[in-house]
Structure formats: C-alpha cells, structure tokens
Amino acid sequence: MTTQALLQVLASGLLMGLIYALIAVGLSLIFGLMDVVNFAHGEFLMTAMYVVFGLFLFTALDPVLFAPVAAAVLFCVGALAYLGIVRFAMRAKANQGMVQIFATFGLATLLQGAAQYFLTPDYRSIGNSWLGGKTLDLGGVFLPWPQMFGGLVSIAAFGGLYLLMSRTDFGKALEATREDQGAVALVGIDRNRVFALGWGLGAALVGLAGAVLAIFYYIHPQVGATFGLIAYVTVALGGFGSVFGALVAGVIVGLVEALTAAFLPPAMKSLGIFALYLGVVFIRPSGLFGKL
Amino acid sequence: MNRRELLLAGVSAAAAGSLAYPGTSRAQAPKEVTIGVIYPMSGASAQVGIDARNAFETALDIINNDHQLDLVAAKGAGLAALGGAKIRLVFADHQADPQKGRAEAERLITQEKVSAIIGCYQSSVSATVSAVTERYGVPFLCADSSSPSLQRRNMKFFFRPAAQDEMFSAAMFDFFDAQKKKGKKIDSVGLFFEDTIFGVDSSNTQRKLANDRGYKIAADVKYRTNSPSLTAEVQQLKSADPDVLMPSTYTTDAMLLVKTMAELGFKPKNLVAQASGFSEQVTYDAVGDKLKGAITRASFSLDLAAKRPFIKTVNDMFKARSTRDLNDNTSRQFMGLLLLAEAINRAGSLEGPKVRDALAATDIPGTSTIMPWARVKYGPDGQNPEASPVLLQYLGDKFVTIFPSEVAIADAIWPMNG
Chain A
1 MTTQALLQVL ASGLLMGLIY ALIAVGLSLI FGLMDVVNFA HGEFLMTAMY VVFGLFLFTA
61 LDPVLFAPVA AAVLFCVGAL AYLGIVRFAM RAKANQGMVQ IFATFGLATL LQGAAQYFLT
121 PDYRSIGNSW LGGKTLDLGG VFLPWPQMFG GLVSIAAFGG LYLLMSRTDF GKALEATRED
181 QGAVALVGID RNRVFALGWG LGAALVGLAG AVLAIFYYIH PQVGATFGLI AYVTVALGGF
241 GSVFGALVAG VIVGLVEALT AAFLPPAMKS LGIFALYLGV VFIRPSGLFG KL
Chain U
1 MNRRELLLAG VSAAAAGSLA YPGTSRAQAP KEVTIGVIYP MSGASAQVGI DARNAFETAL
61 DIINNDHQLD LVAAKGAGLA ALGGAKIRLV FADHQADPQK GRAEAERLIT QEKVSAIIGC
121 YQSSVSATVS AVTERYGVPF LCADSSSPSL QRRNMKFFFR PAAQDEMFSA AMFDFFDAQK
181 KKGKKIDSVG LFFEDTIFGV DSSNTQRKLA NDRGYKIAAD VKYRTNSPSL TAEVQQLKSA
241 DPDVLMPSTY TTDAMLLVKT MAELGFKPKN LVAQASGFSE QVTYDAVGDK LKGAITRASF
301 SLDLAAKRPF IKTVNDMFKA RSTRDLNDNT SRQFMGLLLL AEAINRAGSL EGPKVRDALA
361 ATDIPGTSTI MPWARVKYGP DGQNPEASPV LLQYLGDKFV TIFPSEVAIA DAIWPMNG
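So the sequences go chain by chain: A and U.
Sequential numbering of the first sequence, starting at 1, is according to UniProt numbering.
Sequential numbering of the second sequence, starting at 1, is according to UniProt numbering.
Derived by calculation from the structure, the hints in this document are not laboratory data.
Take the hints with a grain of salt, since some may be wrong.
Think about it this way: if two alpha-carbon atoms lie no more than 20 angstroms apart in a straight line, the pair counts; the simulated DMTMM-like pairs of lysine to aspartate or glutamate are [to be verified]: (1) 290/U / 137/A; (2) 238/U / 137/A; (3) 267/U / 137/A; (4) 319/U / 122/A; (5) 113/U / 32/U; (6) 134/A / 289/U.
None of these values were measured; they are calculated from a predicted model.
Given the sequences, and given the hints that come with them, work out the whole structure.
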C-alpha cells in the first residue's frame with residue numbers, strides 16, 4: 001500500500017469517526033444523566049435526515065442551512081420522548097431497566113413503522129447541494145466536502161457542549177442531577193425539567209449528525225440501524241456517560257474501521273471495531289473514560 | 001344472555017364458520033386458488049416488496065379478468081380448467097431474513113393452505129423458502145432470485161423461468177469478447193460484490209469466466225453489505241483501475257458505491273453491473289448523473305414493446321399502480337405469476353404434485369411473454385435454460401438494449417469514461 005493510499009484511508013477514517021462521535025454523544029449524554037439507554041437513537045437520526053430532506057424538497061434551499069432546524073426539531077422530539085414515554089417508563093415498580101429498554105425499543109419500532117408508512121421505504125437522497133459531490137484534492141488524497149463539513153460541525157458541537165456543560169447554570173444543573181438525582185430536588189432543581197432538557201439536548205446533537213449525513217448518505221426508514229449499532233459500540237468504548245469519551249471513541253472507531261477494511265478483506269471491516277470493543281470490555285469494562 | 005355469554009356465542013359461531021369452510025370447499029370445484037407471495041415488505045429492501053406487490057397485483061388483474069392480449073393466462077377470466085376459479089394472493093414479509101422467510105413459508109403452507117409460493121428477491125431467502133416448499137411438496141416459483149446454486153440442490157418443486165447469474169455473467173463476457181473483436185481494449189476486470197449468497201455466487205461465476213476466457217482480475221473486493229462507508233473498498237478499486245468494474249450489489253450499496261467513487265475521483269473506464277441495485281430507478285434518480293454509459297444485465301427491456309405491443313399495455317397497467325415503469329425485477333415477478341397460473345390451470349388441480357408436474361411440462365414460446373426469452377421450458381433442475389438475458393446501457397435518461405445483437409437497438413458506447 002502506498003503512503004498516499006494510507007493517508008487517504010486515515011483521512012476518511014478520521015472524518016467518518018468525527019461523525020460517529022457526533023452521533024454517539026447524544027446517547028452517551030442521556031445515559032450519563034439518567035442511566036437510560038435510548039434504543040431509539042438511530043431512529044432519531046433517521047428522523048433528522050427526513051426533516052432535512054423534507055425541508056430541502058419544500059424550500060429548495062441548501063441542506064447545509066437546515067442543520068440548526070433539524071437540531072431544533074429533534075430537540076422537541078427528544079424532550080417529548082422523555083415527557084411522553086420515558087418519564088412513565090421510569091415509574092415502573094419492578095424491572096425498571098427492562099421497562100425502559102422496551103419503552104425506547106418500542107419507540108424505535110414506532111418511528112420506523114411510521115416512516116415506512118407515511119414516507120414510503122423508497123431510498124431518498126439529496127441531489128444537488130453546495131457541498132454534495134465536491135471534493136478537495138490534497139495531492140491525491142481526496143477529502144469530500146460534505147464529510148469535512150460534518151467533521152467541522154462535530155468539532156464545533158463538542159466545543160459548544162463543553163462550554164454549555166462547564167460555563168452555564170443549565171450545565172451545572174445537568175452535572176448535579178447526574179451526580180445525585182435525589183439531592184438536587186432539595187436545592188430547588190426540577191429533576192423532570194432537567195431530564196427533559198437533557199433528552200432534548202441529546203436528540204438535538206444526533207439531529208445535527210442527521211443533517212450532516214443527509215447531504216451525502218441515502219435516506220430510508222432503516223438507515224438508523226446502520227449507524228445505531230456503531231453508536232452503541234462507540235458509547236461503550238468511550239465510557240457510558242462520558243462526553244469526551246464519545247469524541248475519542250468515535251474517532252478511534254472510524255480509524256479502526258477504515259484500517260481494518262484496508263488491510264483485511266473489506267467484508268470483515270466490522271471485525272476491528274468489535275475486537276477492540278471486546279478488548280475494552282475485558283480489560284476496562286467502564287470504557288476508556290467511563291466513571292462507572 | 002349476558003354480555004359475556006353473547007361474546008362467547010359470537011366467537012364460537014365465527015370459529016365454527018371458519019372451520020366448516022375448508023371442509024365444504026374441498027368437495028366442490030374450488031372458488032379460488034391461494035398463492036403465497038413472500039417478499040421483503042419492511043426493512044432495508046421494503047421498496048422492492050412494495051414494487052413487487054404492484055407487479056403481482058397487475059398480474060392478478062390480467063389472470064382474474066378477461067384481457068384480449070397475446071399473453072400467457074390473459075384471455076378469459078380466472079382459471080378455465082378450474083371452473084373459472086380466481087387466484088387470491090397472500091402476501092408475507094420476510095424482511096430479507098432467511099429465517100423469517102422459512103417461518104412465513106411454513107405458515108402459508110400449513111395455515112393458509114397455499115397451492116404454490118412465489119418469491120423472494122434475495123437469493124438467501126429463496127434458498128430457505130424453497131427448502132420448506134420441497135419438504136411439503138408445494139411448488140416454489142423463483143421469480144427473481146438469480147443465484148445459480150439455488151437450482152443445484154436436486155429439488156423437484158423448484159422452478160425458475162428467468163435467467164440465473166451464470167447465464168447473465170456469460171452474456172457479459174460474450175459481450176466483452178465481441179467488443180474485443182471490434183478492437184476495443186478489455187484486459188482486466190474488477191469484481192465488487194456484497195457478502196451474501198447473491199454477491200458471492202455472482203462473483204464465483206464471474207471469476208471463473210474471467211479465468212477461462214483470459215481476462216485478468218485486477219480487483220476482487222468482497223464488502224460488508226449496508227456499510228456506513230465504502231471509502232477503503234473504493235480505494236482498492238481505484239488503485240487497481242480495471243478496464244471493467246463489475247459490481248454485484250443491492251440498491252443501498254449501489255448508491256453509496258457510485259457516490260464514493262465520485263468523491264474519491266475514481267471514474268471507472270466501464271461499469272457492467274449484475275443488475276439488482278443497478279436496475280432500480282431510485283439509484284439513477286440519486287446518482288444517475290455519474291452513471292451515464294453504465295451497463296447492466298437485465299431480463300427485460302421496454303424496447304421490446306415495439307415488437308410486442310401488449311408489453312406497453314402491461315407496462316401502463318403497472319404504471320397506473322406504481323407510477324414506475326416495469327424494470328428487471330418487476331417484469332420477472334409479473335411474468336412469474338402468469339406462468340404459475342398457466343401451470344395451475346393446466347394441472348386442473350390444487351394439489352402440489354399435480355401443479356408440479358404441470359410446471360415441469362411447461363412449454364411456452366417467448367413471444368407469449370413480456371420477456372426477451374426464447375422459450376419457457378424448465379430443465380430437470382427446474383431452471384429455464386432458454387431465458388436469454390440482455391444487456392442494457394444507461395444513456396442519461398433511459399436504457400437501451402445493446403446486446404445480444406439480435407435484439408440490440410444501438411451500439412454500446414465503450415468506454416464509458418474515456
């Protein structure tokens with residue numbers, strides 16, 4: 001393999017990894033906040049992609065502009081999912097963990113089914129956009145603009161998230177609720193409100209990722225499954241609940257996947273990711289940056 | 001009678017009615033013939049199932065109602081030999097999962113008492129479904145799965161009217177040989193195939209043909225289906241830069257492959273596809289601008305309507321249901337059901353072995369079908385060896401037949417990216 005080909009693989013892996021990180025961080029955030037694994041995370045991604053696709057069809061504006069809209073819509077979807085479903089699942093008297101799993105899993109099936117029924121299972125894609133199909137040629141290493149945009153959005157989102165968590169009252173409330181759900185009530189923090197906002201924030205982040213993906217990936221009701229599984233591995237690798245861990249793990253997953261596909265038969269490209277995951281689970285079950 | 005008793009009485013009356021029905025219906029001539037249809041109706045290839053449903057319902061209209069077309073099973077309403085019995089279809093969803101396909105086949109045979117099953121698009125699912133039908137002695141009409149290995153299991157109840165990938169791939173290599181004779185340069189091929197039975201069987205055939213006929217295999221890439229990215233895979237194809245890229249991929253991967261090739265600045269000199277994803281209109285809607293000059297094998301071509309006007313009639317009927325033209329898949333599904341109905345009618349019976357014998361005795365000239373086939377006459381393995389395939393080239397807005405020369409209406413543009 002030439003140096004150029006290797007650089008290409010690394011660059012592609014890095015860009016894809018940043019997008020994986022952005023997909024995973026919302027999942028990690030929600031888990032860290034309230035120990036609930038959202039099995040509808042991939043479907044949130046799918047919803048965001050359809051939101052962007054729909055706006056693109058109706059307004060004919062460039063899909064890049066819709067990233068904030070998708071994030072806002074998904075914020076509402078996430079908050080509603082908490083207020084309408086998860087809040088009640090958490091009140092289960094017995095087997096609370098199972099109830100939460102099945103509640104979010106049911107939500108996933110519902111979203112998939114609704115998308116297939118109302119939007120048809122046809123494969124959609126956004127044809128013309130500012131970034132679509134354009135690449136930057138760096139001496140034979142090709143960097144597609146849509147993925148570069150995705151990488152930049154991801155880095156910006158992580159930066160913003162860091163500031164939000166460390167500099168604002170909401171971030172402090174989030175952190176406090178994460179530490180001790182019971183005690184925050186004593187100092188006047190409304191636990192339900194923080195949870196709803198946390199779900200909104202987590203969903204908004206995956207909404208951003210969906211907006212980015214919609215520019216260069218095909219859209220259909222099952223698209224969430226493709227990325228959902230990778231998101232769970234990323235979160236487990238980085239450590240459940242760790243925002244920084246999701247970033248590092250996303251990049252690692254992207255690079256390992258690209259390198260595995262380059263050196264082993266590509267049909268085994270997931271082998272590298274899952275081998276790495278298995279290793280982490282054995283050696284450090286809490287994940288790279290997990291505090292559990 | 002209180003509410004509870006009323007409910008019980010209602011339920012038992014309903015149960016008695018439904019139990020009594022099959023007993024009485026066996027005695028007289030059947031009013032309807034039930035056929036099971038197993039397709040992916042949900043999951044990543046759900047659109048295939050939805051298009052298939054439209055194709056089957058078009059065929060059902062033609063069989064159950066009187067249509068004056070020179071087409072198999074079109075004239076007269078219903079099945080004449082069974083007292084004009086109508087066909088009823090029972091649809092089942094296999095979600096592209098061979099195990100779900102197996103379970104649905106069992107259910108259709110034991111609960112719905114189907115006389116035959118038709119399916120299943122994914123070769124991996126057709127493999128398990130045909131194993132079940134064989135066991136119960138119910139005919140399986142394989143409409144559109146093209147893996148050659150399906151017919152090599154000594155099955156008595158398996159029938160495939162359309163070509164399989166050996167025949168399709170042989171046509172591709174015949175075409176390469178013909179191009180070479182004209183002085184075009186084709187030395188190497190690049191295989192790119194997905195990791196289920198369809199891609200693997202297709203690539204095995206192509207690998208063997210390439211070796212036998214002296215083409216170098218510059219790239220041989222097996223990839224994981226429905227991957228989030230194909231960058232590393234395309235990188236390998238790009239470094240190898242074969243004279244012809246030969247993908248065997250379903251729709252999602254076909255779209256991602258073409259997009260990724262464009263992103264990495266790889267323009268294959270030629271692309272000759274094992275249909276599937278490359279015969280779906282959505283692929284061309286999404287990335288058609290990058291596929292001008294791409295060639296795909298096919299069982300069907302709308303060009304043929306110039307010679308057989310009823311093809312246009314059928315296409316219009318299908319289009320009214322689905323807003324699309326018939327394509328490689330839907331044409332085979334449509335034709336499959338007509339051929340099955342014709343055989344059941346000839347059998348004059350709903351019993352599996354009799355329908356099976358009627359299928360085995362089928363001998364229909366290609367001109368009574370909508371396909372470019374020479375004939376429909378199944379071999380001892382259930383394969384119709386005279387289902388002549390064609391190659392189509394995409395010209396930016398439509399497909400034209402470019403091979404074989406008997407049915408071609410234009411010369412191939414070769415190379416596609418010079």
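Cross-check of the supplied hints:
| no. | hint | verdict |
| --- | --- | --- |
| 1 | 290/U / 137/A | 19 angstroms, holds |
| 2 | 238/U / 137/A | 15 angstroms, holds |
| 3 | 267/U / 137/A | 15 angstroms, holds |
| 4 | 319/U / 122/A | 16 angstroms, holds |
| 5 | 113/U / 32/U | 12 angstroms, holds |
| 6 | 134/A / 289/U | 14 angstroms, holds |
In the structure shown, no violation is registered for any of the earlier numbered hints.
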